[in-house]
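This is what each chain is made of:
Protein chains: 2
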Amino acid sequence: MPQVVGRQYKEILKQYLSSQSEEDLYVGQQFSRRFIEKDIAPEDVISIHKNALHDIVPDLRKEVWDSFDFLIEMMIHYGLTLREHQSLIRKQE
Amino acid sequence: MPQVVGRQYKEILKQYLSSQSEEDLYVGQQFSRRFIEKDIAPEDVISIHKNALHDIVPDLRKEVWDSFDFLIEMMIHYGLTLREHQSLIRKQE
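Residue numbers (my numbering), protein chains in the order written: chain Z, 13 to 105; chain Y, 13 to 105.
Isolated chain Z, as found in the complex (with noise of 0.2 Å):
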C-alpha cells in the first residue's frame, strides 16, 4: 500500500482529532471510498490507522498497539470475504 495513502489518512485523522467535527468525519468517510477502490483490505485499514495514532500520540501503553495487532487479525476474514465479493463482482462483468 503506498505510503502517500498512509500520509494522506495521517492528516485527515489529526484534522479531526483536533476539530471533533462533523465535516472532518464526513472527510474520512469519503476517504474510504478511496480505500476500497483501490482495494486496501480492512485489516490495512487497521494498519495504516495504528500508525497514524502513533505519530500522532506517541506515548501512550503498549497494551494499546498490541491490541491494534489484535484487531488486524479480527479484520482478515473480514478482508477475505470482501476479496470474494469483488472477484464475483468482476465474473459477472
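You may find that some hints are simply not true.
Stated by the list, open to error - Derived pair list, reagent style DSSO-like, types lysine-lysine, alpha-carbon separation capped at 27 Å: (1) K26(Z) x K74(Z); (2) K62(Y) x K62(Z); (3) K74(Y) x K62(Z); (4) K74(Z) x K103(Z).
Claimed, not checked - From chain Y, some residues computed to sit far from chain Z (all C-beta separations above 10 Å): (5) Q15; (6) V16; (7) R19; (8) Q20; (9) E23; (10) G40; (11) K50; (12) R102; (13) E105.
Unchecked claim - Covered stretches of chain Z (in silico footprint by chain Y; criterion: 3 or more residues with CB under 8 Å from a CB of chain Y, positions within the stretch not fixed): (14) 25-36; (15) 43-54; (16) 57-65; (17) 77-91.
Calculated from the structure, these hints are not laboratory results. Note that beta-carbon positions come from the ideal geometry of N, C-alpha and C, so glycine has one too.
Mind docking chain Y on chain Z? Use the hints.
Using the frame of chain Z, we list chain Y on its own:
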C-alpha cells in the same frame, strides 16, 4: 449486536494482551469467522473493540477514543460493500 459477543471479545482480547501468544491471536482470528456468520459489520467490530479496550485500559487519552470513532466511520463503506456481497450470494443460492 448481542452483549454476549462483546463480553467474549473482551475476554479473548484480555487473554491476548496478557499472553501475547500466537495461539491467542489465532483464537481471535477464528472468533472473527463467527462475527461474519452473525452478520456483524466491520464497523461494529471496531465499536466492540473500543468498548473492550475501554474496560481493560480505561485511563487512556481522549484522542485514542476519538480516533476509534474516526475508524468506525472509515469502516462504514467496507460494511456496505460486504452487505452487497452477502445479498449477491443469497441471490445466487
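> Hint by hint, which ones does this structure get wrong, listed from lowest number up?
Replying inline: 4, 10
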